[in-house]
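S.K.: Spelled out, the chains give:
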Amino acid sequence: MNMVFRPLLRTYLPGLAAAFFLAGCEIDGGDNQPRVPDQGLFMYAEANRHEAEDSAEVVAAVFNDGEAVNLVGGDVFEARTETERVLLTKGGYFDGSYAESLPVDNGVRDVFFNVVHEPIEARADRWYPVDILNIDPGPGELVGKSAMVSFPQSVTINAPATDTFYNSINDGINLDWDLGNGGNMRVLASVECTDGLAKSSYGVVVDDEVEAGMGVDDGVHTIGLDKFIYDLDLGSSTIKFVSDAALMLLQELLNKLSAGNIDPDFLLKKREANPIESTCEIRLFLQRQLNGQFDTTFDSGTVVGSTSAEVTVIYLPPVTSN
Amino acid sequence: MATTRILLAIVLVSCMAFTVQAENMQLDVNLGWTSLDAGGSDDFKSGKALAVHYDYFLKPWLAADIGLYLTDKTLEQSRQDIVGDYRTSIQSQAILLGVKPRYRFESPYEVFSRLGLQYWRTELEVEEYFGTGIPGGTDSAKDTGYGYYASIGGAYYATENVLLQIELRYMKQLDVFEGKSQYPFDLAITSFSFGLGYRF
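Line by line, the protein sequences are chains G and H.
Note that numbering that gives the first Met the number 0 gives residue 65 to position 66 of the first sequence, counting from 1, and the numbers run on in steps of one.
Note that numbering that gives the first Met the number 0 gives residue 123 to position 124 of the second sequence, counting from 1, and the numbers run on in steps of one.
The set of hints was computed from the structure by calculation and includes no laboratory data.
The beta carbon of each residue, even a glycine, is placed where N, CA and C say it ideally should be.
Careful, some of the hints might be misleading.
[As the list claims (entries may be wrong)] Here are a few chain G residues that face chain H, going by a calculated C-beta distance under 7 Å: (1) Val71; (2) Ala121; (3) Ile131; (4) Leu132; (5) Ile134.
The following block holds chain H by itself, in its conformation from the complex (with noise of 0.2 Å):
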């Protein structure tokens, strides 16, 4: 519920922004690899994912962030144990919301970072065989929750309204599966993305 509060605040205090001063926005869509981990003996490969940002500068430094994030379907390593062969992978989406500190320098250079609260939905599914003549198969899950996400970025300005960007992020969804499971977990993603950025 606190949670649910804070993001409330956070919208609120965009949209009364937005109606005091309605200039100086910013679309900006980065690609990224990523690394996930969730906290046990998990062995993630490596991602790729898509982020997509709508920034309202409520001050010339300081931007009211909200964003999409979309991880694609991220493997782990095959394992084996004394059960059989498994595999698990994670997918998942989220809605960002939060603010975006920046600062421009002289030269056509700024660096930015990113604070805020997300809305997560992660699907796990693990796949498991067994050998021959015992059934295996695929079992999969979903759960949604909250979450944080905090990154740093630098752009450099191509024209006065067309950026290029490369922004490290660290986002962490807090309590996958709890309440469904004895075994819940943290789940943090880590990326480094590139992209463009549109200002008008």
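Chain G with its partners taken away, still in its complex shape (with noise of 0.2 Å):
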């Protein structure tokens, strides 16, 4: 891609996503990359974990020159800890990112991330016998780098109580949660809204940029309910719709949280309902990160750990009298 137009597209990406959400068009993922640099290779890796679950989602990408790269002839990612040991098979939402769950206990606190050369156990999925047949392009050049993350203190969120109500916009929800050892907040949301007829279903994610302060791990923020709930006739300049990883990592949680019977586009759903006009569910997620580290054989990364608690909120619109 030329250079000059690449940095444009960067900055102006987000801004025709959401035009294209707000459009109610079918999303395509492809293009939900985590905001990488042009040049060298990039990290990127989460491992979270969502309340007293007994399993973390992990999700992990590189990127060299600010292009996914696709890890492909039986390389892997892996996320082991002291004990449990998994390799990231399920693909995400953008070409050359991967997730999986890792089994955790309150005992674990790190997270070793490497790519690894696992040719047969990478085929696992498939029905023939791959311990036989199995064509080995042999180690890509990737094999060996790593990435390091850990825990940090669980979340506690002490407001708003559960199924709390809202019935404008322009309502603030009040965010209360216990002091954590320092970390970086954010919150992840899913949305569900149905009118009657129809329905919406989409992800939004409040952080630092979003609104100033969130990032802040001081217990207490209040939030405008138009960061979650927005009109489509109108669109909103207020939302950030999640997407990248964290798009991958809130899909995942909801799919666990759910037993697998989420959709698995729940995220990228078509919007048909006006969510302003609509009686919506709003999951959020308040998470709590922490800075990993990355192999030194990458320019750059984002490595976090992190740990989530959750809490529901219902949006119904004001009653209009006609």
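Please dock the two separately framed chains into a single complex, following the hints provided.
M.R.: Okay, here's the thing in structure tokens:
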């Protein structure tokens, strides 16, 4: 891609993507890429443990000169604790992203990510005898690269209470949580709206970019409901739809919490009901993030361990009279 | 070993019957469409097969059945996973040994079935491609073993010696690549065929 246009595209891509969302179109997750530098080898990895779940969602990707690198031929991400190990064999929402659930317990603090070459295990989902029929091109150049993250203190939400009702997008959600030990905070939310006939479902993220001060782990923050509910006809400049790896993480989390019954494209569904005129269930996932470390062979990276807790609130549109 | 003994027993019974009653033989040649199922997430396209049977009638309603079954190279749909693009194919041959009961109506029709054991030889081939600059290729492996087959069919006597027939067949190859791989499988072949029979 032309080097002049690439920065422009990166600048305007979120806006274009939002416009695409607001137009009610089916969303293609193919370019839901995290913001990565145009030059060099970039590592993305995140491990999130939700409340007291016995497994953590782990996601990872590598980018080279701004382009996601597909691990092929038996190269695969491995996520490991001292006692458990999984290969990230689920493809994520953009090329080169991978996800899996990693068993954890309260004693687990660190998760190690490695790129390994496992020509048989990586093919384990195939039906035929992969141990005798295996074209192995050998390890790729990313094999051996690694990163490490640690889980921050777990998140405990004190307010709002579950199923608190809100009637206006001008309302504020007063979030209150137990103070942590210096993590970075953000909110991921899945929103499902119905007007009785049609439905909409989408994901949003509220972080420091969207709301100044959100990232501070100070135990309280008020978030306007307009960060979650918008008018399909008018659009919104205040909403940041979840994308890139956060989308993958949230979808995986929803999938786990619903025992696999969530639509695999729940957060990318076509929007038909207008949220501002619909009853919406807003599942708020408050996340505490802690930066990890990546291999020095990477030029840059976003590597985080996170914990999360959930509370669900309800938006009921104001009653209108004819 | 048990399967081998059963096969030998069927051969012996057939030979003994042949010495007692050397008449009423039939040769069947059928062409058919196959559907393969390896029991996992496989997704094979429809294939073709040829079946040749020699029947020796021990009784008017019962024949010893010896056959040869050949499938063409049946391809799976191309697929993609985190390793790369891949496609498998299977080609199989089998020797069949069993019995064929039949019932002939007053009109020029009969119904029949087949039931017996098979000795199969199956070749599985995999093509894999990983993208630009990474060498892909093809790998294959063969195995032999035992299984069973069953079918039901109908025939129309075009003349006293020539029959037009259709047949629905189910064949199961047991434990393909057992002992060679940690991931053996059973291969089921379902086929619908039509063909000619000649009584002599």
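S.K.: Decide, hint by hint, whether the structure agrees.
M.R.: Results of checking the hints against the structure:
A cut of 7 Å between beta carbons decides the hint on G/Val71: the least distance to chain H is about 4 Å, and the hint holds. Hint status for G/Ala121: holds, given a least beta-carbon distance of 5 Å to chain H, under 7 Å. For the restraint placing G/Ile131 at the interface with chain H, the shortest Cβ-Cβ distance is roughly 5 Å, inside the 7 Å limit, so the hint holds. Of the supplied interface hints, the one on G/Leu132 holds, with its beta-carbon coming within about 5 Å of a beta-carbon of chain H, less than 7 Å.
Because the closest C-beta pair between G/Ile134 and chain H is about 4 Å apart, less than 7 Å, the hint holds.
Comparing the model with each numbered hint stated earlier shows that all of them hold.
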